[in-house]
Amino acid sequence: MSVARTLVRESLDHPALLDRVVDDADLAGAGVNSGELIKLALRLEDHLGRPLGDEELLGLTSVNAVAELLQNGAD
Amino acid sequence: MTVDTAASDALLGALGRFTTVPGDIGRYDTDAETATRALRAELGQVHRLADEGLPHRIDSERGPLFDYDDLMNVGMFCGTGQTVPELGLRFLMRFAASSRSSWYAPRDWQIGVHPARTAGGDGEDAKGGGDQIEVTVRLPDLSAPGVELLSEPLPDTGLKTSGYQAEVRLTGADQTVRDPRIHEVWEEVVDAFASRRVNYQTVPETLRADHNRAWEMGIADCVVAARLLAERLRAAGLEARARRGYLLGLFGSDHAWCEVVEDGVHKSLDPVFAFVATVGDERGVAESPEFARACYGGRFNRLLPCRTETADPLVYFDGEPAPYWAMVGVSARPGRSS
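Keeping their order, the protein sequence lines are chains S and Y. If you're matching positions, the first sequence starts at 1 in full-length UniProt numbering and goes up one per residue. If you're matching positions, the second sequence starts at 1 in full-length UniProt numbering and goes up one per residue.
Next up, chain S with everything else stripped away, as it sits in the complex:
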């Protein structure tokens, strides 16, 4: 499993939800709630070792978007 998918899974109250979500699907549209998005953002900040900017937070919409942030955001 990709790092991005693992981080998303670890943020969910019901991790099995992710089994039904493909990488480019909209997380909120798939049923990921605001509390889970908050936890995802925090895990990403911990992983990257820096705060996310406002535009980066707005971009956390899919597993692919998380992967892209991980790839480009480690500075």
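Because the hints were derived from the structure by calculation, they are not lab data. Values in this document were obtained by computation on a predicted structure and should not be read as measured data. Misleading hints may appear alongside valid ones.
No farther apart than 25 Å at their CA atoms in a straight line, the calculated lysine to any residue pairs in the SDA-like style are these [as the list claims (entries may be wrong)]: (1) Y:K160 - Y:T206; (2) Y:K160 - Y:T310; (3) Y:K160 - S:G29; (4) Y:K160 - Y:V265; (5) Y:K160 - Y:I133; (6) Y:K160 - S:R43.
Here are some chain S residues the structure puts well away from chain Y; computed CB gaps all over 10 Å [said to hold, decoys possible]: (7) S2; (8) R5; (9) G35; (10) L42; (11) R50; (12) L57; (13) L69; (14) L70.
The C-beta atom is built at its ideal place from N, Cα and C for all residues, glycine as well.
Following the hints, complete the assembly by docking chain Y onto the known chain S.
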């Protein structure tokens, strides 16, 4: 550090730092397991809260049951910086640290309003419609300045059953207020927060409906402050209304503010944003005097007003204001053209 790995007393620091919901209006229906998710805590930490005096009722099968608003305040005041309420505020307010021009430029948003029907549930509950609760949601005010609907038309009513999705373009306005009468009332309210005469905390909807009682108790949230400010401005002879809608960002959050008419223009007054930007780091939000000043008249491109002039609730269950947790099913993301 996360609360999960912190000491068992990590949440106790919140007790005494906020006013618990009066017993006559408390809804003690949130179990400890739900509380652990909202607070990112372990079960033992939540049970310690009950042991140390957080109001609760004991259910023979479910154990201690708490008022959800009290739990949100525990999260907001425990000082760990790691609970969902603290993190939510921090992430939603991060835009205040962006450039001034970014607060006002046209910005497209997709919003999905599918309220959760169970504490700890998700928006899928509402979309599936598998239970018996009738959900009613308040629709965006498309006649408001700076609001443009980009998607299919919404019903021309204030309320709609179930939920909705929409794409909107929000355009802010960089403006301020000159009238000294407005300034006097504004200072009264903001100073009450800043001096801690009034504690900024979550207030249950039942108490919001009696905003003067809440203010006299020394507690207020955005709804209480918006209603009080509008009432005082009207008493001073000005045209003012209490607005309520969504603060859009990582997700959509229920928020209220005030609007006053000056020079024929509705100008926003947001005492809670101004206070939060003034106190800065207390909850992990960057201090920004420039942003605090912008809350006095400026309109931000991520506040979507709904159709109410008295800051009425955005979601109802069976005709009654929905619990705070229903809002976890409100999503926001940049629009397709952004």
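Quick one: which hint numbers does this structure break? Sort them smallest to largest. 4, 6, 9, 10 and 12
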